[in-house]
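**Q** All letters in the sequence shown, in the order written, are residues 165 to 288 by the numbering used here.
Please keep in mind that the hints were generated in silico from the structure rather than gathered at the bench.
The structure displayed is predicted, hence computed values, not measured ones.
Everything hinted at is true.
Keeping only pairs whose Cα atoms sit at most 20 Å apart, straight-line, the calculated SDA-like set for lysine to any residue is: (1) Lys244 to Gly254; (2) Lys244 to Glu215; (3) Lys271 to Asp191; (4) Lys271 to Ala179; (5) Lys244 to Asp218; (6) Lys271 to Asn196; (7) Lys271 to Asp207; (8) Lys244 to Ala286; (9) Lys211 to Asp191; (10) Lys271 to Phe221; (11) Lys271 to Ala199; (12) Lys271 to Gly186; (13) Lys244 to Leu219; (14) Lys211 to Ala179; (15) Lys211 to Ile279; (16) Lys244 to Val213; (17) Lys244 to Ile284; (18) Lys211 to Ser201; (19) Lys211 to Thr242; (20) Lys271 to Asn178; (21) Lys281 to Asp246; (22) Lys244 to Phe259; (23) Lys244 to Asp207; (24) Lys281 to Arg260; (25) Lys244 to Leu209; (26) Lys211 to Lys244; (27) Lys211 to Asn196; (28) Lys271 to Glu229; (29) Lys281 to Ala245; (30) Lys244 to Arg220; (31) Lys211 to Asn184; (32) Lys281 to Asn262; (33) Lys281 to Val263; (34) Lys211 to Asp181.
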Amino acid sequence: MLSDIYRTYIACLNARDWANLGTFVHDALQYNGRALSLDDYRDLLRKDVREIPDLRFEIELLIAEPPRVACRLRFECTPKADFLGLHVNGKRVVFRENVFYEFRDAKIERVWSVIDKAAIEAQL
Numbered sequence: 165m166l167s168d169i170y171r172t173y174i175a176c177l178n179a180r181d182w183a184n185l186g187t188f189v190h191d192a193l194q195y196n197g198r199a200l201s202l203d204d205y206r207d208l209l210r211k212d213v214r215e216i217p218d219l220r221f222e223i224e225l226l227i228a229e230p231p232r233v234a235c236r237l238r239f240e241c242t243p244k245a246d247f248l249g250l251h252v253n254g255k256r257v258v259f260r261e262n263v264f265y266e267f268r269d270a271k272i273e274r275v276w277s278v279i280d281k282a283a284i285e286a287q288l
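Please take these sequences and the hints and turn them into a complete structure.
**A** Below, the structure is given as structure tokens:
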């Protein structure tokens, strides 16, 4: 089931199991309309974790209708410095990300992501 694959993908992210990211993501994908390789995507995720060491992906709402998954992710974390151009500087914040995925052959091929930046701004 696509929802099970997605939940395992989120577990992979939370475990920082970067070596197995290719199990869930194609070698070439689109992220918000931008072409990325699997390595580019992995680097993007690693950067997020460097900037937010306590980053944890929590599924709040999940809808799967193959070949797509829609998810509302919740984050409660402490970015070390700037995040999304905001001077968070170690303050604990809570925000959501609304993200859509398109799968091909049980792997992510397209990602559309919108982070609720206004929620972070309201907490600063």
